[in-house]
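Q: Listed in order, the protein sequences are those of chains E and D.
Numbering-wise, the first sequence is residues 1 to 117 according to my numbering.
Numbering-wise, the second sequence is residues 1 to 113 according to my numbering.
For the record, the hints were derived by calculation from the structure and aren't laboratory data.
There's no promise every hint is true.
[As the list claims (entries may be wrong)] Some residues of chain E that are not near chain D, with every Cβ distance over 10 Å (derived):
no.	residue
1	Lys20
2	Lys41
3	Ser95
[What the hints assert, rightly or not] In silico DSBU-like pairs for lysine-lysine, Cα to Cα no more than 30 Å straight-line:
no.	chain 1	residue 1	chain 2	residue 2
4	D	Lys100	D	Lys69
5	E	Lys66	D	Lys78
6	E	Lys66	D	Lys100
7	D	Lys49	D	Lys69
8	D	Lys61	E	Lys55
9	E	Lys66	E	Lys55
10	D	Lys100	D	Lys49
11	D	Lys100	D	Lys71
12	D	Lys61	D	Lys71
13	D	Lys61	E	Lys41
14	E	Lys14	E	Lys66
15	D	Lys69	E	Lys66
16	E	Lys14	E	Lys41
17	D	Lys100	E	Lys20
18	E	Lys64	D	Lys78
19	E	Lys41	D	Lys78
20	D	Lys100	E	Lys55
21	E	Lys20	E	Lys66
22	D	Lys71	D	Lys49
23	D	Lys71	E	Lys41
Quick reminder that beta carbons are idealized off the backbone N, C-alpha and C, glycines included.
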Amino acid sequence: GAVVSQHPSWVICKSGTSVKIECRSLDFQATTMFWYRQFPKQSLMLMATSNEGSKATYEQGVEKDKFLINHASLTLSTLTVTSAHPEDSSFYICSARDRSSGGDEQFFGPGTRLTVL
Amino acid sequence: AQSVSQHNHHVILSEAASLELGCNYSYGGTVNLFWYVQYPGQHLQLLLKYFSGDPLVKGIKGFEAEFIKSKFSFNLRKPSVQWSDTAEYFCAVIRPNDYKLSFGAGTTVTVRA
């Protein structure tokens, strides 16, 4: 099946710094990638939709200047958490839609655990 | 906006017991439906999906789900669970051409040996 990777798998940073998380589709091309946030014991909340070659679309309540998304190629999307604060600590998960499949299935990455001190 | 409701937050059962997890959605149009599983420390994996056709869908690891359009439901079942089925289970709904998955709150399933 389609494989999606994320890097890093976990990161600890100081408050005020920026952190970049990468999401890669390893064996397929993804015109659309999605970024989710998952708090402990809670469900995944969609943050934004990342479209290759165009600006990301953000869900209501998500600060686009704080969560910068870049989808520069068909296999890579990045999420940068700018000026991170402890409340940004969370599990960030990306998914990718395989455009060749013609369906609506998304393939999920393993997630990145962000801890802001 | 569509929402997805999962009836149980935490289910505890013994090995060989039958499992049924409820899922209802509120969107009235055509939808595609999914069940994902997240084993401890692992990423989300697709258990099964329904796009069209036979409303009884069979997935991996002995799981199945039934789409009942009149009830806006997509319940997950397994006749006999194993200890290895201990995981978090998420129901998700998507509208075709929208591509945005809406997830339920998840159900934690704990299977005791």
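Q: Could you run down the list of hints and mark each one as holding or not?
A: Evaluation of the provided hints:
no.: 1; hint: Lys20; in the structure: holds, 20 Å
no.: 2; hint: Lys41; in the structure: violated, 8 Å
no.: 3; hint: Ser95; in the structure: violated, 8 Å
no.: 4; hint: Lys100(D) / Lys69(D); in the structure: holds, 20 Å
no.: 5; hint: Lys66(E) / Lys78(D); in the structure: violated, 42 Å
no.: 6; hint: Lys66(E) / Lys100(D); in the structure: holds, 21 Å
no.: 7; hint: Lys49(D) / Lys69(D); in the structure: holds, 15 Å
no.: 8; hint: Lys61(D) / Lys55(E); in the structure: violated, 39 Å
no.: 9; hint: Lys66(E) / Lys55(E); in the structure: holds, 15 Å
no.: 10; hint: Lys100(D) / Lys49(D); in the structure: holds, 15 Å
no.: 11; hint: Lys100(D) / Lys71(D); in the structure: holds, 22 Å
no.: 12; hint: Lys61(D) / Lys71(D); in the structure: holds, 26 Å
no.: 13; hint: Lys61(D) / Lys41(E); in the structure: holds, 24 Å
no.: 14; hint: Lys14(E) / Lys66(E); in the structure: holds, 16 Å
no.: 15; hint: Lys69(D) / Lys66(E); in the structure: violated, 40 Å
no.: 16; hint: Lys14(E) / Lys41(E); in the structure: holds, 25 Å
no.: 17; hint: Lys100(D) / Lys20(E); in the structure: holds, 23 Å
no.: 18; hint: Lys64(E) / Lys78(D); in the structure: violated, 42 Å
no.: 19; hint: Lys41(E) / Lys78(D); in the structure: holds, 23 Å
no.: 20; hint: Lys100(D) / Lys55(E); in the structure: holds, 16 Å
no.: 21; hint: Lys20(E) / Lys66(E); in the structure: holds, 12 Å
no.: 22; hint: Lys71(D) / Lys49(D); in the structure: holds, 18 Å
no.: 23; hint: Lys71(D) / Lys41(E); in the structure: holds, 27 Å
The structure is inconsistent with the numbered hints 2, 3, 5, 8, 15 and 18, although it conforms to all the rest.
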